[in-house]
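Chemist: The chain contents come next:
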Amino acid sequence: MPHVTAFARNQWYVAAYRHEVGREPLGRTLLGEPLVLYRDAEDGSPVALHDRCVHRRYPLSQGVLDGNRIVCGYHGFAYDRTGTCVYVPGQKRVPRTARVASYPVLEQDSLVWVWIGDPALADPRTIPRARHLDAPGWVTVRGMEPVDADYGLLVDNLLDLSHETYLHGGYIGTPEVAETPITTEVDEDAGLVRVSRHMDDAECPSFYSRSTGLTGRITRRQHIEYHAPCLYLLHSRIAPVGAEPEPDGSDPHGFRTEITYAITPSTDGAVYDFWAVSRNWATNDPEVTEFLRTSNHTVVMQDVDALNLLQRTLGSERTGYQELSIGIDTGGLAARRILARLVEEGDKPAEQVR
Amino acid sequence: MPHVTAFARNQWYVAAYRHEVGREPLGRTLLGEPLVLYRDAEDGSPVALHDRCVHRRYPLSQGVLDGNRIVCGYHGFAYDRTGTCVYVPGQKRVPRTARVASYPVLEQDSLVWVWIGDPALADPRTIPRARHLDAPGWVTVRGMEPVDADYGLLVDNLLDLSHETYLHGGYIGTPEVAETPITTEVDEDAGLVRVSRHMDDAECPSFYSRSTGLTGRITRRQHIEYHAPCLYLLHSRIAPVGAEPEPDGSDPHGFRTEITYAITPSTDGAVYDFWAVSRNWATNDPEVTEFLRTSNHTVVMQDVDALNLLQRTLGSERTGYQELSIGIDTGGLAARRILARLVEEGDKPAEQVR
Amino acid sequence: MPHVTAFARNQWYVAAYRHEVGREPLGRTLLGEPLVLYRDAEDGSPVALHDRCVHRRYPLSQGVLDGNRIVCGYHGFAYDRTGTCVYVPGQKRVPRTARVASYPVLEQDSLVWVWIGDPALADPRTIPRARHLDAPGWVTVRGMEPVDADYGLLVDNLLDLSHETYLHGGYIGTPEVAETPITTEVDEDAGLVRVSRHMDDAECPSFYSRSTGLTGRITRRQHIEYHAPCLYLLHSRIAPVGAEPEPDGSDPHGFRTEITYAITPSTDGAVYDFWAVSRNWATNDPEVTEFLRTSNHTVVMQDVDALNLLQRTLGSERTGYQELSIGIDTGGLAARRILARLVEEGDKPAEQVR
Numbered sequence: 001m002p003h004v005t006a007f008a009r010n011q012w013y014v015a016a017y018r019h020e021v022g023r024e025p026l027g028r029t030l031l032g033e034p035l036v037l038y039r040d041a042e043d044g045s046p047v048a049l050h051d052r053c054v055h056r057r058y059p060l061s062q063g064v065l066d067g068n069r070i071v072c073g074y075h076g077f078a079y080d081r082t083g084t085c086v087y088v089p090g091q092k093r094v095p096r097t098a099r100v101a102s103y104p105v106l107e108q109d110s111l112v113w114v115w116i117g118d119p120a121l122a123d124p125r126t127i128p129r130a131r132h133l134d135a136p137g138w139v140t141v142r143g144m145e146p147v148d149a150d151y152g153l154l155v156d157n158l159l160d161l162s163h164e165t166y167l168h169g170g171y172i173g174t175p176e177v178a179e180t181p182i183t184t185e186v187d188e189d190a191g192l193v194r195v196s197r198h199m200d201d202a203e204c205p206s207f208y209s210r211s212t213g214l215t216g217r218i219t220r221r222q223h224i225e226y227h228a229p230c231l232y233l234l235h236s237r238i239a240p241v242g243a244e245p246e247p248d249g250s251d252p253h254g255f256r257t258e259i260t261y262a263i264t265p266s267t268d269g270a271v272y273d274f275w276a277v278s279r280n281w282a283t284n285d286p287e288v289t290e291f292l293r294t295s296n297h298t299v300v301m302q303d304v305d306a307l308n309l310l311q312r313t314l315g316s317e318r319t320g321y322q323e324l325s326i327g328i329d330t331g332g333l334a335a336r337r338i339l340a341r342l343v344e345e346g347d348k349p350a351e352q353v354r
Numbered sequence: 001m002p003h004v005t006a007f008a009r010n011q012w013y014v015a016a017y018r019h020e021v022g023r024e025p026l027g028r029t030l031l032g033e034p035l036v037l038y039r040d041a042e043d044g045s046p047v048a049l050h051d052r053c054v055h056r057r058y059p060l061s062q063g064v065l066d067g068n069r070i071v072c073g074y075h076g077f078a079y080d081r082t083g084t085c086v087y088v089p090g091q092k093r094v095p096r097t098a099r100v101a102s103y104p105v106l107e108q109d110s111l112v113w114v115w116i117g118d119p120a121l122a123d124p125r126t127i128p129r130a131r132h133l134d135a136p137g138w139v140t141v142r143g144m145e146p147v148d149a150d151y152g153l154l155v156d157n158l159l160d161l162s163h164e165t166y167l168h169g170g171y172i173g174t175p176e177v178a179e180t181p182i183t184t185e186v187d188e189d190a191g192l193v194r195v196s197r198h199m200d201d202a203e204c205p206s207f208y209s210r211s212t213g214l215t216g217r218i219t220r221r222q223h224i225e226y227h228a229p230c231l232y233l234l235h236s237r238i239a240p241v242g243a244e245p246e247p248d249g250s251d252p253h254g255f256r257t258e259i260t261y262a263i264t265p266s267t268d269g270a271v272y273d274f275w276a277v278s279r280n281w282a283t284n285d286p287e288v289t290e291f292l293r294t295s296n297h298t299v300v301m302q303d304v305d306a307l308n309l310l311q312r313t314l315g316s317e318r319t320g321y322q323e324l325s326i327g328i329d330t331g332g333l334a335a336r337r338i339l340a341r342l343v344e345e346g347d348k349p350a351e352q353v354r
Numbered sequence: 001m002p003h004v005t006a007f008a009r010n011q012w013y014v015a016a017y018r019h020e021v022g023r024e025p026l027g028r029t030l031l032g033e034p035l036v037l038y039r040d041a042e043d044g045s046p047v048a049l050h051d052r053c054v055h056r057r058y059p060l061s062q063g064v065l066d067g068n069r070i071v072c073g074y075h076g077f078a079y080d081r082t083g084t085c086v087y088v089p090g091q092k093r094v095p096r097t098a099r100v101a102s103y104p105v106l107e108q109d110s111l112v113w114v115w116i117g118d119p120a121l122a123d124p125r126t127i128p129r130a131r132h133l134d135a136p137g138w139v140t141v142r143g144m145e146p147v148d149a150d151y152g153l154l155v156d157n158l159l160d161l162s163h164e165t166y167l168h169g170g171y172i173g174t175p176e177v178a179e180t181p182i183t184t185e186v187d188e189d190a191g192l193v194r195v196s197r198h199m200d201d202a203e204c205p206s207f208y209s210r211s212t213g214l215t216g217r218i219t220r221r222q223h224i225e226y227h228a229p230c231l232y233l234l235h236s237r238i239a240p241v242g243a244e245p246e247p248d249g250s251d252p253h254g255f256r257t258e259i260t261y262a263i264t265p266s267t268d269g270a271v272y273d274f275w276a277v278s279r280n281w282a283t284n285d286p287e288v289t290e291f292l293r294t295s296n297h298t299v300v301m302q303d304v305d306a307l308n309l310l311q312r313t314l315g316s317e318r319t320g321y322q323e324l325s326i327g328i329d330t331g332g333l334a335a336r337r338i339l340a341r342l343v344e345e346g347d348k349p350a351e352q353v354r
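Residue numbers (full-length UniProt numbering), protein chains in the order written: chain V, 1 to 354; chain R, 1 to 354; chain U, 1 to 354.
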């Protein structure tokens, strides 16, 4: 039995990075729903359709674009951007019911967000922001890893950074991360969890020492902001011990890094792990960019390997099992509660929601 | 849940090509029944036995032939061509009940046909012919691909050639195939479906232009004859536009090609795809032979990849799904009806059938 | 449906060779129970703990040893050798219930035995001996292969050596093995099966001719001693035809070889196949050692391939199936009976057992 967290419908999810969506159809499965993504030939806006031809259910993402039509690669059924079938082979008449679902889709902060649920409920204003991903003065390295694990395990992982000390020792972890207590704030209504950890006098992990040039001990702050269900922001600041921001807000000795994750459930036991590291320092230094890209990819893959293993491990449990939670899990447990509520709300019939 | 079409028992199926059956045991699974095939040491006729030793169910196809005995590779139980066990290790007495099933088997037109069902009902006269596979004046290229897909999907595929335009574009497909309406004839009692498509003025696909040397536009005819459940014949004729056969039946300007498929269900969601291309022109040209072999193999693999994908796709559907059929599907739908009837008849107790 | 023999609990099983257990955590799954094995930092004795951290069930075998603590590789929970958690991250207080199961473990004859079941019932005196594995004057080659097959199939395999003639022909099998009748003795209470085969005038298989230098025909004796459920001993003696041991017990012309197997069920349909070949002749000849190692590994892999195939074969049976047993199966059937009894006894509540 695979370990599975239920999916929260009637929510926005990141389906792709902006640069991934173009004139080649891209197939992605969100919350068990197969999507094909592409960019409109005329206005360049992203399109998201159900990825199954009405004829024999061949994936449209295997097809080709012909102007503003997407053409099935099996028998040539063609659809416009609303999902209406506009051509079938061998006859002039296109059946009236030939139509695939189209999904609300929006590009923001270099991310392509898709609404999974009742389209009438989609409100673009509720999409959380990650401006640093697409703002002047910021440089970002990014990637996406498909993980063969329940998305809940990735939420657990990211909400409890004490694992940096053990799983990512030598990269971003140092003893102080696990040792330093956290403070957790939860806004249940907003679906927001904040976890903060202030290390006043800590070892500088190689991830930061090699990129910033800081050699001595540092003050290090981690502020997590998890906007359930999909967007995770980690606001990081390091500086030499004792160097605080100026009263006017400027921070000449500090290095601020924004780590972004989008956690998008794919199928049961599979999740897309979108990750990005943004900085507004050393922005012209390609070596720093390359180091952060390689280094963070390594860290992400350590998580991917661990989560894949954990998923297999939980799936092989023969009987019910227990967990034992402690202080570090406060944020993760809050996230689980919020997700459970979002799942429940997302499963309500539409008339109760509107 | 894998997408599965039920199997039609009490039918002849192609288990192998003649050249595949020799003095090395060959294991094949037909309709879920494991068979071992080999050739008799004395008269060279093919033998088909149940591929499980009575002792511990080790596959006999892993064993060796010793004269007219097939010897299990695990503990040496040996069987004659009737399936009777004639030797066991460590003792003289062979248990009377030690016997594996033998299957009616017949070689015809270079194909090895096996009857799956009640042996008493097997009538060799009902095996459909494909004389071109083994007739003087014809040259054939052939192969077999195991497909991880329901055999019903392969039947669908072959009965609707409009997919040539899309899946096999650049090989055997041109726009005219999808555009030209078909005519379909069904003989329900005979279990026969005929689908015809006449293209009077069509582009010549590279499959034919490079093999025949025709450079201009052509008249192209496709006549499908599907003898359910196993044998599919595609009679193809191309010629320069306007060049029809002579009143006496001769056809100096036409190129006739016989495309043969045997569609043999293996296990649930797996099918053997036997394919052959036969011609009675350029029979002495090895380059044409090699081109047709390579080219048709490519086309077959395009189908294999598509069907494997479709099988996985249908298997991942979370709820019931719908198809939408149009004119091009007339033949395929007729084939499904006939198969459903054959399945029903094949499941009847024998006394009702005889 | 995988072919599965139930597991017999409240028994000792070989979890590893002595040399496999050290200061790197070793993960093994016995009877479906995940274990982590390592060696104590102080007294060097082996430790066996449940291989799941209490926190989020990450395998402890992925962690590291820190002195006498095993530290989880995910969030750093640390355990002492009794399984008591002695450290958690971010807080001083360790929850009282934080504890993983520890298993009775004992090293004997170079094998690491673990008791699976109620620890209170573990009696080290019931562990069967295999002194030749660790005795002066004996040289042993050994290995372990994980097999994707039910452990019952490996028991079947080893109790009936007539398969040597067919599956291992050219290595250790000759026609005489299958031809020679066996004698079987069963001590149901002791859980012991003995199978003997005396070949008075037999071909010398290459396994023995190349290692001993014997060139002519031999007298060959195989005495199996199966101590259910785990330990299998095969006492082998070969000598030139007619050369018997002296009245005083000395055996100047004979070559005695001890073949040991430990059959340790892992998960359903998976078994650890520990194998060893021990000799007290040519003990200083490294070529003989290397030949026996390579040669026996080949033989073991022939079994592994056959058992993996048999497991897949039995798992694909669509309906109930039958076996047909003959004289050679007497020992194997006795072993199955004993195992069934041990399973039943092992499943009894502890109070009925003590």
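Just so you know, these hints were derived from the structure itself, not from any lab.
Keep in mind that a hint or two might mislead.
Below, simulated SDA-like cross-link-like pairs (lysine to any residue); rule was C-alpha separation at most 20 Å, straight line [to be verified]: (1) LYS92(U) to GLY327(V); (2) LYS92(U) to ILE326(V); (3) LYS92(U) to LEU106(U); (4) LYS348(V) to LEU333(V); (5) LYS92(V) to GLY327(R); (6) LYS348(U) to ASP123(U); (7) LYS92(R) to PRO181(U); (8) LYS92(R) to ARG336(U); (9) LYS348(U) to ARG337(V); (10) LYS92(V) to GLN108(V); (11) LYS92(R) to LEU324(U); (12) LYS92(U) to HIS198(V); (13) LYS92(U) to ARG69(U); (14) LYS348(R) to ASP123(R); (15) LYS348(R) to GLY22(R); (16) LYS92(V) to ALA6(R).
Footprint (simulated), chain V over chain R, 3 or more residues, beta carbon under 8 Å [to be verified]: (17) 100-113; (18) 136-142; (19) 177-187.
Quick caveat: nothing in here was measured; it's all calculated off a predicted structure.
Even for Gly, the Cβ is constructed at its ideal location relative to N, Cα and C.
Chemist: Each hint needs a verdict: does it hold in this structure or not?
Modeler: We went through each hint and held it up to the structure:
| no. | hint | verdict |
| --- | --- | --- |
| 1 | LYS92(U) to GLY327(V) | 10 Å, holds |
| 2 | LYS92(U) to ILE326(V) | 11 Å, holds |
| 3 | LYS92(U) to LEU106(U) | 34 Å, violated |
| 4 | LYS348(V) to LEU333(V) | 23 Å, violated |
| 5 | LYS92(V) to GLY327(R) | 10 Å, holds |
| 6 | LYS348(U) to ASP123(U) | 17 Å, holds |
| 7 | LYS92(R) to PRO181(U) | 10 Å, holds |
| 8 | LYS92(R) to ARG336(U) | 25 Å, violated |
| 9 | LYS348(U) to ARG337(V) | 40 Å, violated |
| 10 | LYS92(V) to GLN108(V) | 40 Å, violated |
| 11 | LYS92(R) to LEU324(U) | 16 Å, holds |
| 12 | LYS92(U) to HIS198(V) | 18 Å, holds |
| 13 | LYS92(U) to ARG69(U) | 17 Å, holds |
| 14 | LYS348(R) to ASP123(R) | 17 Å, holds |
| 15 | LYS348(R) to GLY22(R) | 35 Å, violated |
| 16 | LYS92(V) to ALA6(R) | 34 Å, violated |
| 17 | 100-113 | violated (count 0) |
| 18 | 136-142 | violated (count 0) |
| 19 | 177-187 | holds (count 5) |
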